[in-house]
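Visitor: Sequence:
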Amino acid sequence: MSLVLLIEQILNGLQFGVMLFLMAAGLTLIFGVMGLINLAHGSFYMIGAFAAAATAAATGSFLLALAASLVAAAVAGAIVEMTVIRRLYNRDHLDQVLATFALILIFSEGTRWLFGSFPLFLEIPEYLSGPISLPFGIQYPQYRLAIIAVGLLVAAGLFALIARTSIGIQIRAGESDREMIAALGVDISKLYTFVFALGAALAGFAGALIGAIQSVQVGMGEPVLILAFVVIVIGGIGSIKGALLGALLVGLTDTLAGFLLPAAFGLIMEPSAAASVGSSLASMSIYVLMAGVLLFRPTGLFGSS
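Take 789 as the starting number for the sequence shown in this note's numbering and just add one per residue.
I should point out that these hints are in silico values taken from the structure, not numbers from a laboratory.
It is possible that part of the hints are untrue.
[To be verified] Computed beta-carbon distance windows for the label pairs:
(1) Ile920 with Gly823: 14 to 24 Å
(2) Ile957 with Phe906: 43 to 53 Å
(3) Pro1011 with Phe906: 14 to 24 Å
(4) Ser849 with Gln1002: 18 to 28 Å
(5) Gly973 with Val872: 36 to 46 Å
(6) Leu1048 with Asp880: 39 to 49 Å
(7) Ala951 with Ile867: 23 to 33 Å
None of these values were measured; they are calculated from a predicted model.
We treat Cβ as the ideally placed atom computed from N, Cα and C, and that holds for glycine.
Generate the whole structure from the sequences, applying the supplied hints.
Guide: Okay, structure coming up:
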């Protein structure tokens, strides 16, 4: 096992973790502020990816495609919040789960009706295609490095929004005591719509970014949603800082386990058997990580007690 290959896998883990953060940040905001279990969050990831792919095919502009993913997912999120989610705030979590699961089916079939069942493809722009030279002779794809950089910039902007703006103060207050900020004159309905649309936009943006690496297809958001739930459990519900750290831990654990475990078992087993056993254990690694964190921090790394 070479140092170059290990560093490449670490970078892959960081890229995967940043993508998970974009998903988990919106999810933890929605749950922390609104107390809503939103199973349809992965659908906004899919909407953003399809909007980006369709826009890129029509205009040839990758930047316009990214903008379209933000707008499409945010608009879809705002419409869903005003028409469906708003009726669920005072209902129990089972009603929220059933309603948002129904939204998954509606979005999936609607997307299939609009775009068909065949996957779409979003091309990496020419100025980000190809590898870039890093220390130790590493050749690493420019686009994956761009995802890491953009994701960290979004994280910094989100931290600034929450910590240093008036809307951020309202969001944090709404998380602590929604009745009190409503009594102080804050329009809680508009605040909830903004938070839900922001979370949807982040998910759509993540879908657009990853759509240039893998195919854009119906149902692509559900596997990522499961990992996003793992992230917010590890990081702590309602914590953006926890979402970032949890996402990076999950991304690195998933990538490095998939790389190191088959190699380790290869020392004592036949290569084919080692690959099978190592891959199976690697797929369990993030859940072992989650169990380990919850064993010592039942509310997550940055969750409130």
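Visitor: Against this structure, judge whether each hint is valid.
Guide: Structure-based check of all given hints:
1. For isoleucine 920 and glycine 823, the hinted distance range of 14 to 24 Å is not satisfied, since their beta carbons lie about 44 Å from each other.
2. Checking the proposed 43 to 53 Å range against isoleucine 957 and phenylalanine 906 shows it holds: the Cβ atoms sit about 47 Å from each other.
3. Checking the proposed 14 to 24 Å range against proline 1011 and phenylalanine 906 shows it holds: the Cβ atoms sit about 19 Å from each other.
4. The given range of 18 to 28 Å is respected by serine 849 and glutamine 1002, whose C-beta atoms sit roughly 21 Å from each other.
5. In this structure the supplied range 36 to 46 Å is violated for glycine 973 paired with valine 872, their Cβ-Cβ distance being about 27 Å.
6. Hint check: leucine 1048 to aspartate 880, Cβ distance near 43 Å, so the stated range 39 to 49 Å holds.
7. Roughly 29 Å separates the CB atoms of alanine 951 and isoleucine 867, a value that falls within the hinted 23 to 33 Å.
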